[in-house]
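Trainee: Take a look at the letters that make up each chain.
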Amino acid sequence: MMILSLVLSILIAQLIAFILISVAWPEMHIRSNLLLKTCLAAGTGFGILSCVYFLQLSWFGPSRKGLAAAQIAQLIGALAILFCRLKATKDAPSEPVIERLPRSRLELILSILFVVAVISASGAFVFISLRQPHGEWDAWAVYNMKARFLFRAGDYWRDLFYEPTGWTSPDYPLLIPAGIAACWTLIGRDTVVAPIMVAFLFTFATIGVVYRSVSLLRGKSQGLLAGLVLTCTPFFITHGADQYTDIPLAFFFAATIALLHLQDVLPDRRHRFLMLAGTVIGLSTWTKNEGLLFLVAILSSRFAVIVPKKGLKVFLRQMRYLAIGLLPVLLVVIYFKATLATPNRMLFPPQGPTLVEKLLDTSRYWIILDAFVTQALGFGNWATSLTALMLFYLLLLGSGIKQNEGTSIAATLIVLGIMLAGYFMTFVLSPLDVALHISTSLNRVLLQLWPSFIFIFFLIVRTPERALMKSGPLSAQP
Amino acid sequence: MILNAQDDWGKPVKFDYHSRIRLAIVLIIFFALLSNVRLLLDSMRFDLHQVGHDDVTLYQKRFDVIRGLLPAHGTVGYAGERLNYAEYWKSDAGALRNWFLTQYTLAPLVVSITSNHKLNIINGSAGTDPESSGNAGLTVRDMGSGMTLFDFGNGLRVVSSE
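Here the protein sequences come in this chain order: H and C. Residue 112 in the numbering used here sits at position 112 of the first sequence, and the numbers go up by one each step. The numbering used here runs 478 ahead of the 1-based position in the second sequence.
Hint data in this document are derived by calculation from the structure and do not stem from the laboratory. Glycine residues also receive a C-beta, built at the ideal position from the N, C-alpha and C atoms. Mixed in with the good hints, there may be bad ones.
Lysine-lysine pairs mimicking DSSO-like chemistry, simulated, CA-CA at most 30 Å apart [to be verified]:
1. Lys568/C with Lys596/C
2. Lys358/H with Lys568/C
3. Lys539/C with Lys337/H
4. Lys310/H with Lys337/H
5. Lys337/H with Lys65/H
6. Lys539/C with Lys596/C
Residues from chain C that keep clear of chain H, each with C-beta distances beyond 12 Å, as calculated [unchecked claim]:
7. Met522
8. Ala550
9. Tyr566
10. Asn601
11. Gly624
12. Ser638
So that you can see chain C by itself, here it is in the shape it has in the complex (with noise of 0.2 Å):
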């Protein structure tokens, strides 16, 4: 069987069936390889400098001062801006990240939105609270009935209750 096509010139082009079998490996193979090398030129667009930057570690890190005050197991109680407690997966999707990036960070703890723990975590923005010294620095401040706020300037706070 042969199709034939008619060319810019008017000239008939034969188009067998072994020329279609090539057309169709060739085909395959081409888009194959223009994929993969797309694929390689996306990933190759990112600052070399930004390894080890990345926003999963540095949230990570942002923990860090807060390490000392926490149990090294159990349960914490957690509270971050835009959370639903009482459904919280019709939560906003960047307060669920926050809190199972916190779960993440903070593994073997438990890190719960469930009350009564006598640790909280309140993660909000960094330097969104007015009283907060927005450089970091540790303020504590007895906020009565047994309750102790550290804030570390950070957008982490801990209350902790006796």
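Next up, chain H with everything else stripped away, as it sits in the complex (with noise of 0.2 Å):
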């Protein structure tokens, strides 16, 4: 009964979601994409429950009926939404229904060993679970014990916040505690399958956005590779059932730069895509701080390379449609830290050296790149090297950059860059140990890009039908 109601309680804010998604996806049928919005639905949703909780919280005080309350007036207005979408679409001339080619020998042996290697690690992910079901130490010291003081304190819920707790980072944004918290008071007990469910989802419908989004753009086979490949990552299994909050961080990165592309790629003149696009990246902001370089991230590298190319005017028009949907967030992100979070312990450190003589030691330089190549070469515990296996991959393909992605191709580029450099130098800042802060935590900011990187390698690479087609080896154009 208990896991029924957590069920529906994680269930109602997904199809909540799902129908605003469905809104405001460009093609009107309810059906199309179902995967890909079902996925994009799994996290946006809970983010949404996260942000009307912690407002709940803030404004009114804990209240089980207030929440589900609210809810409910969220799933009727969704509804309603939905309603007056479908009755203006109505009249409007159907679209064009794509042909589906028939499936080839090598897509349908995808098909069954992606479906076979999902199976696979949702298994392995239920037994780490069995074995850990707090998760690891950052989920149960961090994240699952703020869902914990928020879901128990009752009025007292501001304590989290006093100097005390100084360690586990109170300025650190609530979208995991405060959305778990969320589904223990719509059910009305703790338990640790709430925490579970959520990394769970949150770690399969990465998965699944990666799949489905290089499906759209490169063909069914790519996105099976691409989804293989992440799935078959053991990091990314175990660490989601670690119940760390990388795990969600790269499900709003990936959908966001999977969203863009298609906003980029697809006709859609209404920029519906872009509005998407601004939720999501506000949802990272409300998951971690990273959220905000990714912010700044992606506003850089639309500008940089959209401005040379189609001018301001256009950069300002999409910036207009992607503020749309980011605002939201955006403004409960700012309340929280203009209102609860103390400073940033990394940035303002109370000890150690000063900010100007952490920049001026080069020795910090050489021991953070060289884990920098260390890690990267033998990231996600892979059987072999992954990098050296991709780059192998990407070298007997070749690349197959469709003309029009170009620029959307470039701009994902810049924002992983800028993301890397910007990781790179809060190391070079870190107060702590240089060389213990890289052992704990430069694998898991490594793993934060790790589905965006999979997503636009697969879209540089050739797909394996234009490869095969091919009579010799690598061209310029695919």
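Put the two chains together into one complex; each comes in its own frame, and the hints tell you how they fit.
Mentor: In structure tokens form, the structure reads like this:
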């Protein structure tokens, strides 16, 4: 019974998000891109639930009935919007039906292997969760502890931000703790099953987003290969089961990048993918502080590629649509930072060398660079060096960038570059012992970018069908 | 373009473009699935009877006996073995783990390592204190100056001051 009510509490949030995503989706058919929309809704719905719970807690105090009423009101509102949209598009000419190409043998084999891999990864996730139901260190020490605090403290929930709990990073945004506390509030008790389910949803929704968006842009075989590589990255699955927030953040990063690519490539003059991307970026800033760096990276990269090619006017118009989705969530983050969060200890450490001393210490740069290269080469806990294997794969199949996607791909590569540079500088300025800090967190921050990297890698590399169609080796264009 | 190699029998092996493409696809699928299977097998290597008896769950159960003494909210003091109070981040990982787990267990109480609290939890190892009963029985001792020590015999003690 408890599991059922927990599933229901999460499902309602996701149903609301699914309806809103369907309304915003350029094709007004509920069933079109069902899997992609469902996966996007899995993370987005949880994020919206978290925001609503936090605002309710801040303004009205804890209330189970109040939260349930807010959920029902949102559901009714979303259904009303859907009804209006369906009515408005009823008389519009129906969109052309894309004829499904016959399934190739490769596609069939890949489909079977992908399903097997997802089942196997799910099994591994369940076994790890049974072994450590409270998650790993950061999960129980920070995120689940905060969720317990918010849920159990009643009117005293603000005690969480008192100085004695400084080690819990009180400046960290609350998407995961508040979302889990919201689920517990709706079912009336705290149980370890909620954080496990949330971690499961984010892990497998990320796989779904990468698989379906690459499929849309490059065909099913390429999408399946991308999904397979992500599903079979052991560190991605184990870290998901560890219940760390790096996986939800990776979900929001990958979803943003996928939506921006869909906006750039698929014809949609109403910029609906941009609005959705705005919301997803906002939710990344509500997940971890790295989300703020991601927001800056997205804005900078779009500016760098759009302004020279299409002009400032187009850039500003795109940003206006992005802001429609972004601002509501960003306001929640600003409200949290202004009213509750304490100063960031990484940027304003109470002890250790000064900022300038750390910036001028060249030995720090070498230590960090060495760690980045070492971690990159052995990343993912694959049976072999994944980096070397992917490089080998790219060299043999060659690149297959479509002419209309150059700008979009360049923008994403700039985003990933800015993120890596940002992480690098965070280690340079770290108040902690650099070697220790790197050993405990570098692989995690690289994992945040991993699904986005796989997404862009499989957009750059030629598809198996195209590569096999060619009679000779590499050429510039597919 | 065709790459030629010699096999064991000295016969040239043709390794043309299409074969290389197929090899690349097969390799990436093979290593992906190998990593996937390895993860599943590794994660299955534990005794299912241990479900619900993981270290965090067991650690939390130790605190069941002291919950009645603690307030519903507010701040309590904390003292643990090998904890560096002046610079806690330099403490032994095990000591930090014990403190953070105590905070996780007792939330929404704030478990602080600062001084001047009416209630202080002393988190030691079970059985190391010769004065503790060692059989999880409660011993109450008047320490004088309005201080009372509650020893739960499982390594946990609470000092209450008026």
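Trainee: Against each hint, give a clear statement of whether it holds in the structure.
Mentor: To see whether the hints hold, each was checked on the structure:
The hinted pair formed by lysine 568/C and lysine 596/C meets the criterion: a straight-line CA distance of about 27 Å does not exceed 30 Å. Note on lysine 358/H and lysine 568/C: the hinted pairing holds, with a Cα-Cα distance of about 20 Å set against a maximum of 30 Å. A hinted pair counts as satisfied when its Cα atoms are at most 30 Å apart, and lysine 539/C with lysine 337/H does not qualify at roughly 35 Å. The hinted pair formed by lysine 310/H and lysine 337/H fails the criterion: a straight-line CA distance of about 36 Å is larger than 30 Å.
Restraint check for lysine 337/H and lysine 65/H: the C-alpha separation of about 27 Å stays at or below 30 Å, so the hint holds. Among the hinted pairs, lysine 539/C with lysine 596/C is consistent with the structure: their alpha-carbon atoms are about 24 Å apart, no more than 30 Å. With a least CB separation of 5 Å from chain H, methionine 522/C falls inside the 12 Å interface cut-off, contrary to its annotation. With a cut of 12 Å on Cβ distances, alanine 550/C falls inside the contact zone with chain H, its closest approach being about 8 Å.
Non-interface call for tyrosine 566/C relative to chain H: violated, since the shortest CB-CB distance, roughly 7 Å, does not exceed 12 Å. The claim that asparagine 601/C is not at the interface with chain H holds, since no C-beta of that chain comes within 12 Å of its own (minimum 15 Å). Every CB of chain H lies more than 12 Å from the CB of glycine 624/C, the least distance being 24 Å, so the non-interface label holds. Non-interface call for serine 638/C relative to chain H: holds, since the shortest CB-CB distance, roughly 19 Å, exceeds 12 Å.
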